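Trainee: Respectively, the protein sequence lines represent chains A and B.
The letter at position 38 of the first sequence is residue 77 when you use the working numbering, and the numbering goes up by one with no holes.
The letter at position 344 of the second sequence is residue 383 when you use the working numbering, and the numbering goes up by one with no holes.
Treat the hints loosely; a few may be bogus.
[Unchecked claim] Reference excerpt, derived from the structure (chain A facing chain B, CB under 10 Å, subset only): (1) Gly72; (2) Lys94; (3) Phe195; (4) Asp198; (5) Asp236.
It is worth saying that the hints were derived from the structure and are not from the lab.
For clarity, every value in this text was computed on a predicted model and none was experimentally measured.
Glycine is no exception: its CB is placed at the ideal position from the N, C-alpha and C atoms.
Protein chains: 2
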Amino acid sequence: MIKVKEDGKLLVIDFNGFEIVKHSNEIPFLHVGSGTANYDMLNGNFEIEEHLNEKIALTDYTVLEEKATSVKVKFSRNEVYAVTVNFTEVDGRLHIDFQEKPKGLNRSWIKIAAQENEHIYGCGEQFSELDLKGKKVPLWVSEQGVGRNKKDYLTFQADVHAGAGGDWYTTYYPQPTFVSSKNYWCHVEDSHYMEFDFRNDLYHELCVWSIPSKVIISKKNTALEVLEDLTAYLGRQPELPDWSYDGVWLGLQGGTETVLKKLENAQNHGLKVVALWCQDWEGKRITDFGKRLFWNWEYHKEMYPDLPQTIKELNEKGIKFLGYINTFLATDGEMYKEATKKGYIVKDNEGKDYEGAKDMPAVLMDFTNPEAVNWIKNIIKENMIGIGLSGWMCDFGEYLPTDAVLYSGESAESYHNKYPAEWAKINREAVEEAGKLGEVVFFTRAGYTGTSRYSLLMWAGDQTVNWSLDDGLASVIPAALSLGMSGFGISHSDIGGYTSLYGVKRTKELFMRWAEMAAFTPVMRTHEGNRPDDCWQFDSDEETLLHFAKMSKIYTHLKPYIKDVVKENAEKGIPAQRHPYIHYENDEELHKLKYQYLFGRDLMVAPVYEENKTSRKLYLPEDNWIHVWTGKEYGKGYHEVEAPLGEIPVFYRKGSQYEDLFKQIADIK
Amino acid sequence: MIKVKEDGKLLVIDFNGFEIVKHSNEIPFLHVGSGTANYDMLNGNFEIEEHLNEKIALTDYTVLEEKATSVKVKFSRNEVYAVTVNFTEVDGRLHIDFQEKPKGLNRSWIKIAAQENEHIYGCGEQFSELDLKGKKVPLWVSEQGVGRNKKDYLTFQADVHAGAGGDWYTTYYPQPTFVSSKNYWCHVEDSHYMEFDFRNDLYHELCVWSIPSKVIISKKNTALEVLEDLTAYLGRQPELPDWSYDGVWLGLQGGTETVLKKLENAQNHGLKVVALWCQDWEGKRITDFGKRLFWNWEYHKEMYPDLPQTIKELNEKGIKFLGYINTFLATDGEMYKEATKKGYIVKDNEGKDYEGAKDMPAVLMDFTNPEAVNWIKNIIKENMIGIGLSGWMCDFGEYLPTDAVLYSGESAESYHNKYPAEWAKINREAVEEAGKLGEVVFFTRAGYTGTSRYSLLMWAGDQTVNWSLDDGLASVIPAALSLGMSGFGISHSDIGGYTSLYGVKRTKELFMRWAEMAAFTPVMRTHEGNRPDDCWQFDSDEETLLHFAKMSKIYTHLKPYIKDVVKENAEKGIPAQRHPYIHYENDEELHKLKYQYLFGRDLMVAPVYEENKTSRKLYLPEDNWIHVWTGKEYGKGYHEVEAPLGEIPVFYRKGSQYEDLFKQIADIK
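Chain A on its own, in the form it takes in the complex (with noise of 0.2 Å):
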């Protein structure tokens, strides 16, 4: 039911009794106008500059049709521009669409009426801030940037030698899409770049550069419907395959019978282990960043040689093989002489494959080719899956530069963000046609409206190895909860962290924390990162290996448990690792958190983000809580735990269909 109300000064948009627009001279719905911006890349982080030529205020408006779900508004200023704004209610959502737009209008700053005491969430993957009020939020794919906080030390350095310390906003999964803790989602159906700002108390100002098809608002009665019709409309995950939780995804790299050896021994140690993640099967080259990999989609015969076989054997043994996939082909690769001559590659404006991309001999595959998707998809279905790998990390997805030509004839500007979605809908594809959904996973990094719907599964990236709050272990936190409120419910992170740049080092104590961490997320993962040798790995003493081992256990006993989080995630959008708010509506005190979450309903997560730390302050909401490792009770309220390594403070909710699963976890070795 959509109602106009007008008092003169006012012009009112009611949905459904909820007041999503409120039209004034000086606080307009709607300014259009038009720009230009000069987008700077450097393997894949982005320096945007715009210069605005025009933004005119609609001022004026008409209302040309008024019915029960159907209201047409003619936004205007003095006849310099005109737009007709439809507000149509389509499956109980209010959709806003824009008619009639004037030509040479590429910029629109639409505004959501904010409501009093908002707190507001998603925009994709945020690793440094959780709510959004208060913010402005630019909404560009890019690298995630290295230490990510212009105040500190490591993100000058990567500023200065790389262009790459990125800042508390750039993401590689950025989404238009919020969810308001007033109970409505909005999301814009658009992939130019935005800026949505939450800094005003009286409205949500979304800044689109273009003139967007259409704005989404759904109001409903609780955070979970929100999220249950949010996922009804940009689409859910699938659940994982069954074997994912019988262990860790261990990533070990150097060919077959290096890993070979090091599974042997961390399986002597009592890891469980379900699949062995190789990023080099296609074999690797050495930069200056640290290993890299060599950019040809097959596997390589003398690191791996006979693969298949090997693949076979280990799956005798329960053991998965995992591979690696991105967006790039290496051009001292084979595939790209076929690739190149059959112009599957992304041009430049003279029609040659565009190189500088990326700081390798790599170019980008153009997925507005319909040929090229086809052809990669095959590469997929017969170099990775057919030779009996079960997943791999399906790398990048942020570097298409904005000045790149592609095959389809749509902008670049446009295609940039569109871009990490189609790449996760062709191998989401290949999976499908190769009839192994439920089988064989594959793991996102880069994302965008669309990957929600195509992805299986979301990885956070590279952080760094430390303790920093926008890079290191704690900054995935934020990035899970907003991933599963902008409607991705399931990711993890490589154990560990990454990035091993300037001298920081991973530490045996970060990756004990960070491995306990991920015993209570819905995938635990190891990366050796890209400079291994400088890094602590999961087997570089016995006692993190026994600590690993032990949290391997811990996960693996909860499979019951996780294996019904994800399948409320795939059923309902409810996300595996959630922000505890969408189930105690009422407690405020719940906004403030960013470092704690539900693990599905009914475990609570505090993980120890800080270093030499051994104890936590965590907050509990209502209801009845036991602390898993002394079965201590506690309610409401602040408390400070103690968490020596190992005992990552968790907490079960009393009366839980879990709760003999969840006592059984203080027994584990």
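Dock chain B against the given chain A, drawing on the hints supplied.
Mentor: Structure of chain B alone, referenced to chain A:
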């Protein structure tokens, strides 16, 4: 002669054959709009963030009046906004003013047609860039910053610890004035925040956060005429007192006894001293930053007992005494008591004295209150001139917060930039009212339009005591040259620099290089720096003292020449330190230079601005040039010359009327 030319698509305003405005639908002469801004200030460092409400291209036009000396054009956009622009010839210049300004507008973007192969100079004091073509230059009076380069670690530290790192464009003395190598000047009469954008090949865009009262453009035949005309409009500086050139102005601190002892030692080593400059004449306090002064403007009875008598005795020996004053009053000083009672202090929005403009117990005087102006003028006349001071450092002027409330009712957003010019005017009037112009001198740091009319001398502010291009020795060269292109022709700098933070200490080499450069500027003055004990001083060893003494002798030897150079500035506005191109307009090569200048017409100076260098590459234009140290003759082109310590690359022009004087330089010991 103003002509209007129209060809259907293009409206051209031609002034004396020079096409100044080229208006079209795509590149309209005028945009107007509105916005708000947040100015975050910390100790004179500003972070300015704008929220733009509207920006509207006034694409329509009607020529309302067309006379030879006056053209009136209405620029509008479908009657949303219309602004009538008068183009009027006044004193041979083109005045552009804006009438019937619509209410609510506080932003304008004015486009001046760019010329082919144009170089742009001025915009006040620019420390990092000289030719501003290709740059966007913000114009806002502020601290200059420590480091001034976001890729520099010192800047990073200053930013992190104090928000004080600055950037390439931060300056004490911006001015909305530029000079084009195509021999015109352009000045905007307004004091709000501006950005001059010289990045487009077709136009220069002047963004003003108001509708300015006037834009003035003056086209001349030669660069010298341009500067003469610009300074005729803006006001020129009078000559310096004759005594100025008789030696160095020696910056000493610590009370009568200490400074007299140091003076004696200096003179015993042959240093020519004409003035003692004691910034702590009014007492001092110690802070985290270093040694600071006690901002209560009367001589300190303990540190300088019976200062009037000391001054008298010094004067009899030919030594002047200089002091210090700034725009603040210490709230623990006596004068504040009177000033606050009488309402002479800048207020906050609760009507209380504005605290927190500085990280010290100090408040700003309100120069919009005529009584406050008289009051501080009398203090200057009585407590400073009255006790025999021959001059003073006239410090600060950058710190007026934009949310301050002023006596006059003018918004501080508008008054902020005017504040330093008003401060210079007060000091100038005090000198004139005391009848001491030509005997007493003061030197200012901050500035804006008006400063060139009122201040007697600039100094370059607080350089870091190092070799950095953006904030060290090198930076004072473009600073002086850009000031010269903005109408301020006599400046100097602290020999050796001032700021010693984060472990940066002044070295012997830096002091010696800076001293030899200062000998070829209008004034030689030392400063002990903010941390005197950490920094190499003129008397730190015998070699330094003798080197400095020699430089003081060269400087005083040049007195007849320097006097003439300064006189030329007073009479014609041709700056003392000048960009060589103004005498060699056909030599494109000169526009590439940043660290080389003409001192007067006949001395080419190319300071060694890098550490551990004993030679320097430089460029000489047409003419025959004699190297002062070797007597060797050089012609047009690039040359690399030997430059051991003490032999700064300096050349005199063969045929100069001062040839004999210059020849003798090499013999000075």
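Trainee: Are the hints correct? Go through all of them and say.
Mentor: Okay, the hints, checked on the actual structure:
1. Gly72: This hint holds: A:Gly72 lies near chain B, its Cβ roughly 7 Å from the closest one there, short of 10 Å.
2. Lys94: Cβ of A:Lys94 sits 5 Å from chain B, so the hint holds.
3. Phe195: 5 Å, holds
4. Asp198: At 7 Å from the nearest chain B Cβ, A:Asp198 passes the 10 Å test, so the hint holds.
5. Asp236: 9 Å, holds
Every hint, counting from the list given before, is met by this structure.
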